[in-house]
Amino acid sequence: MFWTVTQALLSGLATTFQIFILTLLFSLPLGLVIALASMSKFKPLRYLMQTIVWIVRGTPLMLQLIIIFYGPGLWFDNNIWSGGTAGRITATVVAFTINYACYFSVIFRGGIEGVPVGQREAGEVLGMTKSQIFFQITLLQMVKRVVPPMSNEIITLVKDTSLARIISAYELTFTGYSFVKAAGITWPLFYTGVFYLIFVGILTLLFNYIERRLDYFR
Amino acid sequence: MAILEVKNIEKHFGSTKVLKDVSFSLDEGNTLAIIGSSGSGKTTLLRCLNFLETPNHGSISVRDTVLFDAEHPEREQEKDLRKKRLRFGMVFQSFNLFPQYTALQNVTLAEQLLAKERKDFKQNKKKIFAEIDEHGKALLAQMGLSERMHHYPHQLSGGQQQRVAIARALALSPDILCFDEPTSALDPELTGEVLKVIRSLADNKTTMIIVTHEMAFARDVADQIIFMDGGVVVEQGTAKQLIDNPQEERTKKFLARYTQG
Ligand SMILES: Nc1ncnc2c1ncn2[C@@H]1O[C@H](COP(=O)(O)OP(=O)(O)OP(=O)(O)O)[C@@H](O)[C@H]1O
Ligand SMILES: [Mg+2]
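Chains A and C, in that order, give the protein sequences.
Numbered according to the numbering used here, the first sequence spans residues 1 to 218.
Numbered according to the numbering used here, the second sequence spans residues 1 to 261.
It is worth saying that the hints were derived from the structure and are not from the lab.
The structure displayed is predicted, hence computed values, not measured ones.
There's no promise every hint is true.
[Stated by the list, open to error] Using 25 Å as the maximum straight-line C-alpha spacing, the simulated PhoX-like pairs for lysine-lysine come out as follows: (1) C:Lys84 <-> A:Lys130; (2) C:Lys122 <-> A:Lys130; (3) A:Lys130 <-> C:Lys116.
[Unchecked claim] Reference listing, derived: stretches of chain A covered by chain C, where coverage requires no fewer than 3 residues with Cβ under 8 Å from a Cβ of chain C: (4) 125–138; (5) 207–218.
[Claimed, not checked] Ranges of calculated distance between the beta carbons of each label pair, as one might list FRET restraints: (6) A:Ala86 <-> C:Arg118: 29 to 35 Å; (7) C:Phe13 <-> A:Ile55: 33 to 39 Å; (8) A:Asn152 <-> C:Asp203: 53 to 59 Å; (9) C:Asp203 <-> A:Arg57: 56 to 62 Å; (10) A:Ile210 <-> C:Gln123: 36 to 42 Å; (11) A:Val143 <-> C:Gln123: 31 to 37 Å; (12) C:Gln155 <-> A:Val143: 16 to 22 Å; (13) A:Ile66 <-> C:Lys122: 58 to 64 Å; (14) C:Ser38 <-> A:Thr204: 33 to 39 Å; (15) C:Gln155 <-> A:Asn208: 20 to 26 Å.
All C-beta atoms, glycine included, are put in the ideal place defined by N, C-alpha and C.
Could you build the full structure based on these sequences and the hints that come with them?
Structure follows, in structure tokens:
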């Protein structure tokens, strides 16, 4: 039994991991774009972005996931997500990417605005170009500011992947729970927890390492 | 002969006029102190000289070359603007050192980046960087910071940080070095070390413009003083003359506050 459960959970983990990595891959750059747009000098764009961020951060991720997965089929009479597992994972990644990009955008914006203007001005009076100022001076200071809140969000993302269960994507939590229903045993639930703990543990070590590497300056 | 000629500078932010018809000139090797109460436009004037603000009116010339003229605002290439900027150095009130670089790296960074544009950079990279490093070390030694050159800004006292900032501003050999209240962010016991360094620069005939509230220092070190109030130059003259024997009522009032306190 233990072996069966382990195998099932590993395949659930693969789905969880897939959602996690793909969401990060798409939401990080999208988040940066939203951050820049929400600081734009062009007011309509700025207000549009701020409204989107407000809506996305102000409503539950689970609700967004349900709307994105079931919405197209109901509105257009045409489910754009293919019926199988792949379609469910894709829908999850799309919903998560939009949601996390908005959270990341707020963090990026804080990181960008948190670098004092004096830093840029000091570079300017030393005759540096705009790109030199960005790459040599402000970038690393932004990264340092962004890493701690970012690591929090990313760890939350690991656990949020379990929401995919609501549209029946066979991720880790869904798999663990399936044994309660099918075999009436509860220990796989705790075993599932261990999977998450290891996943989050590795990420925590990684972020601690990055933070320590950036510790040499303030 | 005048190295710097500032003519009829005006600067508005929206509808507030912050500088109104400011004109002065400065001779090579001389030190000009600018005094005046808070909000009189001293910082804005220095920022105009350093191209951090664009004046709405007037012109700025260095060594008889017009660097800025509001009447002929040709669209400038970033490259040209950068060249003009290098005529001026700027030491900020709050130092603005780059936190992720050591004292020495702060001093050498701009010079290294500039060297990359040299045609012989690729062939002579090692030699060029070694020279820049030597130059940086010499400047820090001049500031009395040889022991501290590998420290990061947060490991330095305010006075030391400001001296690094002075070395950084000197690294590109500007024609005119500007200081915006270089000691006002410092604890009183640390102002002396910074003023000493500035004084030695004056002794070496560095052309400088210093915005300061240290009246005794201004009287001692500066050749000329400008008193500003409400965005206009109220009075200018030689340092001792203006401080010991002010002519304008507003200057007298301003100075009285300092001699009492
Ligand atoms: N970017 C800006 N936008 C709007 N107003 C500004 C801006 N910068 C400065 N001002 C205004 O211009 C006036 C002059 O400011 P400035 O900083 O040049 O004075 P200052 O003489 O340096 O004063 P202090 O002794 O306090 O440093 C002030 O009234 C200030 O509020
Ligand atoms: Mg000021």
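Against the structure, the hints come out as follows:
{"no.": "1", "hint": "C:Lys84 <-> A:Lys130", "result": "holds (16 Å)"}
{"no.": "2", "hint": "C:Lys122 <-> A:Lys130", "result": "holds (23 Å)"}
{"no.": "3", "hint": "A:Lys130 <-> C:Lys116", "result": "holds (15 Å)"}
{"no.": "4", "hint": "125–138", "result": "holds (count 9)"}
{"no.": "5", "hint": "207–218", "result": "holds (count 3)"}
{"no.": "6", "hint": "A:Ala86 <-> C:Arg118: 29 to 35 Å", "result": "violated (56 Å)"}
{"no.": "7", "hint": "C:Phe13 <-> A:Ile55: 33 to 39 Å", "result": "holds (35 Å)"}
{"no.": "8", "hint": "A:Asn152 <-> C:Asp203: 53 to 59 Å", "result": "holds (55 Å)"}
{"no.": "9", "hint": "C:Asp203 <-> A:Arg57: 56 to 62 Å", "result": "holds (60 Å)"}
{"no.": "10", "hint": "A:Ile210 <-> C:Gln123: 36 to 42 Å", "result": "holds (37 Å)"}
{"no.": "11", "hint": "A:Val143 <-> C:Gln123: 31 to 37 Å", "result": "holds (34 Å)"}
{"no.": "12", "hint": "C:Gln155 <-> A:Val143: 16 to 22 Å", "result": "holds (21 Å)"}
{"no.": "13", "hint": "A:Ile66 <-> C:Lys122: 58 to 64 Å", "result": "holds (59 Å)"}
{"no.": "14", "hint": "C:Ser38 <-> A:Thr204: 33 to 39 Å", "result": "violated (49 Å)"}
{"no.": "15", "hint": "C:Gln155 <-> A:Asn208: 20 to 26 Å", "result": "holds (23 Å)"}
In the structure shown, a violation is registered for the earlier hints numbered 6, 14, in ascending order.
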